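Take these sequences, add in the hints, and give me the full structure.
2 protein chains.
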Amino acid sequence: MSTAVSPLAPTSVPDMPPVEGIRLATAQAGIRYKNRTDVLLAVFDKGTTVAGVFTRSKCPSAPVEWCRAKLKGGKVRALVVNSGNANAFTGKSGRASTALTAKIAAQAVGCSVNDIFLASTGVIGEPLDATKFDGVLLSLAQEAKEGRFLDAAKAIMTTDTFPKVATAEAKIGKTKVVISGIAKGAGMIAPDMATMLSFIFTDAPIAAPALQVLLRDGVVDTFNAVTIDGDTSTSDTLLAFATGAAAARGAPKITRASDPRLTAFRRALQTVLADLSEQVARDGEGARKLVEIKVEGATSKTSARRIAMSIANSPLVKTAIAGEDANWGRVVMAVGKAGEPADRDKLSIWFNGIRVAHKGARDPSYDEEKVSIAMKNPKIKLKVGLGLGKGKDRVLTCDLTKDYVAINGDYRS
Amino acid sequence: MSTAVSPLAPTSVPDMPPVEGIRLATAQAGIRYKNRTDVLLAVFDKGTTVAGVFTRSKCPSAPVEWCRAKLKGGKVRALVVNSGNANAFTGKSGRASTALTAKIAAQAVGCSVNDIFLASTGVIGEPLDATKFDGVLLSLAQEAKEGRFLDAAKAIMTTDTFPKVATAEAKIGKTKVVISGIAKGAGMIAPDMATMLSFIFTDAPIAAPALQVLLRDGVVDTFNAVTIDGDTSTSDTLLAFATGAAAARGAPKITRASDPRLTAFRRALQTVLADLSEQVARDGEGARKLVEIKVEGATSKTSARRIAMSIANSPLVKTAIAGEDANWGRVVMAVGKAGEPADRDKLSIWFNGIRVAHKGARDPSYDEEKVSIAMKNPKIKLKVGLGLGKGKDRVLTCDLTKDYVAINGDYRS
Numbered sequence: 000m001s002t003a004v005s006p007l008a009p010t011s012v013p014d015m016p017p018v019e020g021i022r023l024a025t026a027q028a029g030i031r032y033k034n035r036t037d038v039l040l041a042v043f044d045k046g047t048t049v050a051g052v053f054t055r056s057k058c059p060s061a062p063v064e065w066c067r068a069k070l071k072g073g074k075v076r077a078l079v080v081n082s083g084n085a086n087a088f089t090g091k092s093g094r095a096s097t098a099l100t101a102k103i104a105a106q107a108v109g110c111s112v113n114d115i116f117l118a119s120t121g122v123i124g125e126p127l128d129a130t131k132f133d134g135v136l137l138s139l140a141q142e143a144k145e146g147r148f149l150d151a152a153k154a155i156m157t158t159d160t161f162p163k164v165a166t167a168e169a170k171i172g173k174t175k176v177v178i179s180g181i182a183k184g185a186g187m188i189a190p191d192m193a194t195m196l197s198f199i200f201t202d203a204p205i206a207a208p209a210l211q212v213l214l215r216d217g218v219v220d221t222f223n224a225v226t227i228d229g230d231t232s233t234s235d236t237l238l239a240f241a242t243g244a245a246a247a248r249g250a251p252k253i254t255r256a257s258d259p260r261l262t263a264f265r266r267a268l269q270t271v272l273a274d275l276s277e278q279v280a281r282d283g284e285g286a287r288k289l290v291e292i293k294v295e296g297a298t299s300k301t302s303a304r305r306i307a308m309s310i311a312n313s314p315l316v317k318t319a320i321a322g323e324d325a326n327w328g329r330v331v332m333a334v335g336k337a338g339e340p341a342d343r344d345k346l347s348i349w350f351n352g353i354r355v356a357h358k359g360a361r362d363p364s365y366d367e368e369k370v371s372i373a374m375k376n377p378k379i380k381l382k383v384g385l386g387l388g389k390g391k392d393r394v395l396t397c398d399l400t401k402d403y404v405a406i407n408g409d410y411r412s
Numbered sequence: 000m001s002t003a004v005s006p007l008a009p010t011s012v013p014d015m016p017p018v019e020g021i022r023l024a025t026a027q028a029g030i031r032y033k034n035r036t037d038v039l040l041a042v043f044d045k046g047t048t049v050a051g052v053f054t055r056s057k058c059p060s061a062p063v064e065w066c067r068a069k070l071k072g073g074k075v076r077a078l079v080v081n082s083g084n085a086n087a088f089t090g091k092s093g094r095a096s097t098a099l100t101a102k103i104a105a106q107a108v109g110c111s112v113n114d115i116f117l118a119s120t121g122v123i124g125e126p127l128d129a130t131k132f133d134g135v136l137l138s139l140a141q142e143a144k145e146g147r148f149l150d151a152a153k154a155i156m157t158t159d160t161f162p163k164v165a166t167a168e169a170k171i172g173k174t175k176v177v178i179s180g181i182a183k184g185a186g187m188i189a190p191d192m193a194t195m196l197s198f199i200f201t202d203a204p205i206a207a208p209a210l211q212v213l214l215r216d217g218v219v220d221t222f223n224a225v226t227i228d229g230d231t232s233t234s235d236t237l238l239a240f241a242t243g244a245a246a247a248r249g250a251p252k253i254t255r256a257s258d259p260r261l262t263a264f265r266r267a268l269q270t271v272l273a274d275l276s277e278q279v280a281r282d283g284e285g286a287r288k289l290v291e292i293k294v295e296g297a298t299s300k301t302s303a304r305r306i307a308m309s310i311a312n313s314p315l316v317k318t319a320i321a322g323e324d325a326n327w328g329r330v331v332m333a334v335g336k337a338g339e340p341a342d343r344d345k346l347s348i349w350f351n352g353i354r355v356a357h358k359g360a361r362d363p364s365y366d367e368e369k370v371s372i373a374m375k376n377p378k379i380k381l382k383v384g385l386g387l388g389k390g391k392d393r394v395l396t397c398d399l400t401k402d403y404v405a406i407n408g409d410y411r412s
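Each protein sequence line maps, in turn, to chains A and B.
For the first sequence, the positions run 0 to 412 when numbering that gives the first Met the number 0 is used.
For the second sequence, the positions run 0 to 412 when numbering that gives the first Met the number 0 is used.
It cannot be assumed that every hint is accurate.
[Said to hold, decoys possible] Below 16 Å or equal to it, Euclidean Cα-Cα: the simulated EDC-like pairs (lysine to aspartate or glutamate) are:
hint : chain 1 : residue 1 : chain 2 : residue 2
1    : B       : K358      : A       : E125
2    : B       : K391      : B       : D274
3    : B       : K380      : B       : E295
4    : B       : K380      : B       : E277
5    : A       : K380      : A       : D324
6    : B       : K144      : B       : E295
7    : B       : K71       : B       : D114
8    : A       : K375      : A       : E291
9    : A       : K144      : A       : E19
10   : A       : K401      : B       : D402
11   : A       : K369      : A       : D324
12   : B       : K375      : B       : E323
13   : B       : K358      : B       : D342
14   : B       : K91       : A       : D362
15   : A       : K57       : B       : D344
16   : B       : K401      : A       : D402
17   : A       : K358      : B       : E125
18   : A       : K293      : A       : E277
19   : B       : K91       : A       : D344
20   : A       : K91       : B       : D362
21   : B       : K91       : A       : D342
22   : A       : K91       : B       : D342
23   : B       : K57       : A       : D342
24   : B       : K102      : B       : D114
25   : A       : K57       : B       : D342
26   : A       : K345      : A       : E295
27   : A       : K358      : A       : D342
28   : A       : K102      : A       : D133
29   : A       : K389      : A       : D342
30   : A       : K91       : A       : E125
31   : B       : K74       : B       : D44
32   : B       : K57       : A       : D344
33   : B       : K102      : B       : D133
34   : A       : K91       : B       : D344
35   : A       : K382      : A       : D402
FYI, nobody ran anything at the bench for these hints, they're computed from the structure.
Predicted model, so just to flag it, every value in this text is computed and none were measured.
As C-alpha cells, then:
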C-alpha cells in the first residue's frame, strides 16, 4: 500500500456543511486494517429517498446485488460501508454476510432490513466476517452526528492517498439546499461505473424515481468519463440520498426529473460529481500526471468517447506521458485501434495547447523544446482533432508509472 | 531500449534450412540505430506467390497501405524491411517514401514496383528518408544468398531482446517442403494482428488465393491469440511467400486451400506461426512471466476468446502475476468486465494446475503455500472454468512489470 499522498491531491479541503437529516459515525472494526477506521455508518431520517448506479460487471459483489434489490423500494434508513474487504466472489457466505450486516444495522438503527444499504471495498475473494459489526454498529448508531464527512471519507479509503469530499449549494424554488459527497477510488477505476464507491447526500426533497434519473444522467460525463487502468471493479457503487429536510424550510417536493425547478440543483449535483470523479483520477494508483483527453471532430459524441477512452486506456500513451514525452505517434496508434471512424490524414494533436501534429504529419512549426517544458506540467491536456464531424467528448485519466506496478504487485501479499 | 535478453527467451535457436528460391541480405542503412543492421532485403524467384494479413488499425502506416494495394496481384519479387522508423503517420511524405523505396528496390532487383513489398517498424510520426536505401538495396540484391534467416530476424528487431525464428517441414504429395519464418514483436502487440512484423517463407507451390486462406486461418489461434498490452500497432504485418521451387522436385501445384494434400502443410504452418507468436509473448516488453490463459465452459469459442483477452489485458491481473500473487479475485474482476455470459457462482479458477477458486468462492482445499511456490514459475498457466457451455479458447500474454514502464517511458527520448 502506498503511504505518500498523491502529488496531484487538491491543495485544500472544502468546508463540508452538515446535511440535515443525515448523521454519520465511523469506527475501527478491525476488518483488515490496523489503527485506522474501516467502517462507516450513515443514519438517515425517515422519508429519505435513495438512488443508485452500479458496476456493469457480470460478476458483481454481494453488496452490489443487495443494493440493487433494495433500490426498488426507493427508501433508506441507513448505509453501512466497510473498507478492507470487498465481500466480492465470496459465494453463499457473501450473501449471508450482507444479510447479517443488514440485520445488525437494522437492529442498531431500528428499521427494516429493506431500508439498509451496503457497500464494501478492498480485497476480493476473502470471506467477510460480519460478526465484527456486532456491537460496533449499535455504538455508531448511538454516536452518529451531522457533518463529519471528512471522517466518513477517510473510513472508506483503501489504496487512496487522500480522502475525497466535495460540496455545493443550490436553490430549489427559493430554498437553499446542500449537496455533499464523498468518494474513494484509486484502482479498478473504469467506466461502468468509474469509482469504486461514492455517496452523495442532500436535504433536497426529491422522489426516488426523479433522483435516479438525475444520478444516471449525472454520471455520464463525470464518473463514467474517468478511467485509471481500464479495469472495472466488481463493487463500483454510487448512491445518492435525499432526506427532504429542506421541505420544512419551504423547498417544493419534486417528483419528476424534468421539473424546471431542478435546473440549479442539477448543475450543483454535476459540480459535485465532477469534482469527486476528478479527485479519483488525481489519486490514480501511482499517478504523477492528471491527463485530460479531449476529442473533437468525431462523427458523434459516442464515437468521440470511444476514441478518448482508447487513448486513456492505452498503456503506451500512459507510459509516454509518465516519461514526459509528447509521443503523438502513440496517440495516433490509440485512435487507430479504437475502431471508430478516423482519417489518418485529417488528424491533429495538441499537448497542453501546442499543436504537435497536423493533417496526418508532424506540425512543421512544432518546437520540441517548448513541448518538453509543457510535458513537465502535472496536468496534461491532450486534444485530438479528427476533422470529420461535430462529435466531441472529454475524459480524465492519469499516467502509468512504475509505482502503479509496485502498488498492484504487492497489494494483497 | 532494453539490452538484457528476456529471461523467457528460448534456450536454443533452431537450425534454419535455406528455402529454395529465396535469397536474403541485411545491411546497416543508418535509419536510426548505430552499429547494427536495420534493413533486410529478401529477393524471390519469379513465380513466387504472396499472401498477407495486416493491422486493423484505422490509421495504418504507409507501408501497410502499400502492401494491401499490391497484394491484389498475388505475386512478389522482393521484400524490403527496415527497423528504426515505422513510416507511420507521416502523411504525404510517407507515401512518397514507400514509393521511392519500392522504386529503388525494383531497380536493384530488376522487376516492377508492383512486385515489391515493404514493411517498416520503429518510431511513429517521423519522416523516413528513403534516399538512405539508395545504393544499399543494389548491394544487397547483389550479395543476397539463400539461408541467413537469423541475420534477417536480427535486422528487423526494435525493442526485441532476441531474434525470433522458427521452421518446420511437411510433405505435399510425396515431396518435402520447408516452411521457415521470422518475426519481431515486443511492444504494441495485440490482436488485429498480434505481431508487428512476421514473414513466412516456403518453397511449396501454392497459388496466392489458397495461401491467403491458409494464412488467414492460421493466425486465428496464433498471432491473433497473443497480447502484450492491448495496444495495436499501426504497422502490424504478416506476409507469407511461396516460391513454388518444390514443384521441380515433384510437389503438386495447389490452387485451393481446401485441397486435402495440404493437411500436413497446414499443420506445419500452424506450428511455425504458433512458435513465432509464442516467442513474441516471451519477449513482451519487461516480461518476466509467460502467461497462458485458458478459458473453458464458455457459451462459445468467441465468448471464451473475449473473456481470455479481458483477463490477458487487465493491468491488475498482469501486475498481480508480476508480484507472483495468485490473485484470483482480479481474475473474477476481469471475467466480469468482459461483458460476456458468466455466472459468478459457477466460476472455477486454477493457477498452474492448482484450483484456487471453485463455484464462486475460495476453494476450501486451496493451500496458499503450494500456490506461492507455483507462482514463482516463469510460466504461469491460468485456467478459468465458466461452467456454462462447451466454448473454450487459449491466449498467451506476459506479466506487467516496472521494466515495461521503464522501457516505454524512455523509448523515444
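For each hint, the structure was consulted:
Restraint check for K358(B) and E125(A): the C-alpha separation of about 14 Å stays at or below 16 Å, so the hint holds. With a C-alpha separation of about 21 Å, the suggested pair K391(B) and D274(B) falls outside the 16 Å cut-off, and the hint is violated. A threshold of 16 Å between alpha carbons decides the hint, and for K380(B) with E295(B) the separation of about 13 Å falls inside it, so the pair holds. Taking the CA atoms of K380(B) and E277(B), the gap is about 14 Å. The hint holds against a cut of 16 Å.
For the proposed pair K380(A) and D324(A), the alpha carbon gap of about 13 Å is at most 16 Å, so the pair holds. Proximity of K144(B) to E295(B) is assessed by CA-CA distance (about 47 Å); at most 16 Å being required, the pair is judged violated. A threshold of 16 Å between alpha carbons decides the hint, and for K71(B) with D114(B) the separation of about 11 Å falls inside it, so the pair holds. Between the alpha carbons of K375(A) and E291(A) the distance comes to roughly 15 Å, so the proposed pair stays at or under 16 Å and holds.
For the suggested pair K144(A) and E19(A), the alpha carbons sit about 10 Å apart, so the restraint of at most 16 Å is met. Between K401(A) and D402(B) the alpha-carbon distance is near 8 Å, which keeps this suggested pair within the 16 Å criterion. A threshold of 16 Å between alpha carbons decides the hint, and for K369(A) with D324(A) the separation of about 12 Å falls inside it, so the pair holds. Straight-line distance between C-alpha atoms of K375(B) and E323(B) comes to about 6 Å, which keeps the hinted pair within the 16 Å bound.
Only pairs whose Cα atoms come within 16 Å are accepted, and K358(B) paired with D342(B) is accepted, the gap being roughly 9 Å. Restraint check for K91(B) and D362(A): the C-alpha separation of about 13 Å stays at or below 16 Å, so the hint holds. A threshold of 16 Å between alpha carbons decides the hint, and for K57(A) with D344(B) the separation of about 11 Å falls inside it, so the pair holds. Restraint check for K401(B) and D402(A): satisfied, since their Cα atoms lie roughly 8 Å apart, inside the 16 Å limit.
Distance restraint check for K358(A) and E125(B): the Cα-Cα separation of roughly 14 Å lies within the 16 Å cut-off, and the hinted pair is therefore satisfied. At roughly 15 Å between alpha-carbon atoms, K293(A) and E277(A) fall within 16 Å of each other, so this suggested pair holds. Under the criterion of a C-alpha separation no larger than 16 Å, the hint pairing K91(B) with D344(A) is consistent with the structure, at around 8 Å. Simply put, K91(A) and D362(B) have alpha-carbon atoms about 13 Å apart, close enough for the 16 Å limit, and the pair holds.
A threshold of 16 Å between alpha carbons decides the hint, and for K91(B) with D342(A) the separation of about 13 Å falls inside it, so the pair holds. With a C-alpha separation of about 13 Å, the suggested pairing of K91(A) with D342(B) holds against the 16 Å cut-off. For a cut-off of 16 Å, the pair hint linking K57(B) to D342(A) stands: about 7 Å separates their Cα positions. For the hint pairing K102(B) with D114(B), the CA-to-CA distance comes to about 10 Å; that is within 16 Å, so the pair holds.
Distance check on the hinted pair: K57(A) and D342(B) sit about 7 Å apart at the alpha-carbon level, within 16 Å; holds. The straight-line distance between the Cα atoms of K345(A) and E295(A) is roughly 12 Å, inside the 16 Å bound, and the hint therefore holds. A threshold of 16 Å between alpha carbons decides the hint, and for K358(A) with D342(A) the separation of about 9 Å falls inside it, so the pair holds. With a CA separation close to 10 Å, the supplied pair K102(A) and D133(A) stays within the 16 Å bound.
Note on K389(A) and D342(A): the hinted pairing holds, with a Cα-Cα distance of about 15 Å set against a maximum of 16 Å. Taken as a hint, the K91(A) and E125(A) pair is honoured in the structure, with Cα atoms around 12 Å apart against an allowance of 16 Å. With a C-alpha separation of about 10 Å, the suggested pair K74(B) and D44(B) falls inside the 16 Å cut-off, and the hint holds. Taking the CA atoms of K57(B) and D344(A), the gap is about 11 Å. The hint holds against a cut of 16 Å.
Pair hint K102(B) plus D133(B) holds up; C-alpha atoms about 10 Å apart against a cutoff of 16 Å. Restraint check: the Cα-Cα separation between K91(A) and D344(B) comes to about 8 Å, which is no more than 16 Å; the hinted pair holds. Simply put, K382(A) and D402(A) have alpha-carbon atoms about 26 Å apart, too far for the 16 Å limit, and the pair is violated.
The structure fails hints 2, 6 and 35 (numbered hints given earlier, in ascending order).
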